[in-house]
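Under this note's numbering, think of the first position of the sequence shown as 11, with each following residue one higher.
A hint or two may mislead.
No more than 30 Å apart at the CA atoms, straight line, and that leaves these computed lysine-lysine pairs for DSS-like [said to hold, decoys possible]:
1) 31 x 95
2) 12 x 95
3) 31 x 115
4) 115 x 12
5) 115 x 95
6) 31 x 12
If you are wondering where the hints come from, they were derived from the structure by calculation, not from laboratory data.
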Amino acid sequence: MKLVEYYYRQIYGTNAPDHIKEVSDGLREVFNEYSTGSALLDEDSARPGGSLSSTINGTRDKLKGFDKFLYETSQSQSTSSDLDKYLEEPVFPRNCEFSILNWWKVHTPRYPILSMMARDILGIPVSTLGPDAAFSNWGRVLDQYRSAVSPDIREALMCGQDWLKMESEGIENSILIRFFHFPHPSTK
């Protein structure tokens, strides 16, 4: 949050506190969703039988709803303090060799809910797009640094994309079938 506070003050000036609060509220909302989901999983795995379908058969217990309420409220009180505790920790000094994924792996026992969030959010694949591709009218530009896919696979994907486009534009499959049954002029 310190990084958000720093840059939001530069970007938004006097309106920064409103935007910072929006990010903070969003973070707490996501955290609460994860902690609620985690509480339900923990409660289910602690129950004999350990499956969600067993809750349907347990309607005889009159205090089951109360037990669930106690469990959820005690969980949310302790887990929200975990978020606050994490946000109050000192910021690590910047280091080129620092691995955020490794840090969360090591600190999973200390921050179980936050580490699940980090795993899901930081695990989203990220790709780069160079300015030549972003501002080019010539189409996509792939080079060895931006693509780990072999040239044969790239060619197959591009051809497949073209074939699907042709099919959706009304060109019949028979053209493609004829193309594959007869030698292509460039292969002679």
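Would you check the hint for residue 115 and residue 95, treating anything up to 30 Å between C-alpha atoms as holding? holds, 18 Å
What's the verdict on residue 31 and residue 115, does the C-alpha distance respect the 30 Å limit or exceed it? Satisfied, since the Cα-Cα distance of roughly 28 Å is no more than 30 Å.
Are the Cα positions of residue 31 and residue 95 separated by 30 Å at most? Measuring from Cα to Cα gives roughly 18 Å; hence the hint holds.
Residue 12 and residue 95 were given as a pair; does the straight-line alpha-carbon distance stay at or below 30 Å? holds, 14 Å
Pair hint outcome, residue 115 versus residue 12 [Cα-Cα no greater than 30 Å]: Holds. Residue 115 to residue 12 sits at ~22 Å (cutoff 30 Å).
Hinted pair residue 31 and residue 12, Cα distance within 30 Å: Measuring from Cα to Cα gives roughly 12 Å; hence the hint holds.
Hint check: no violations occur; every hint is consistent with the structure.
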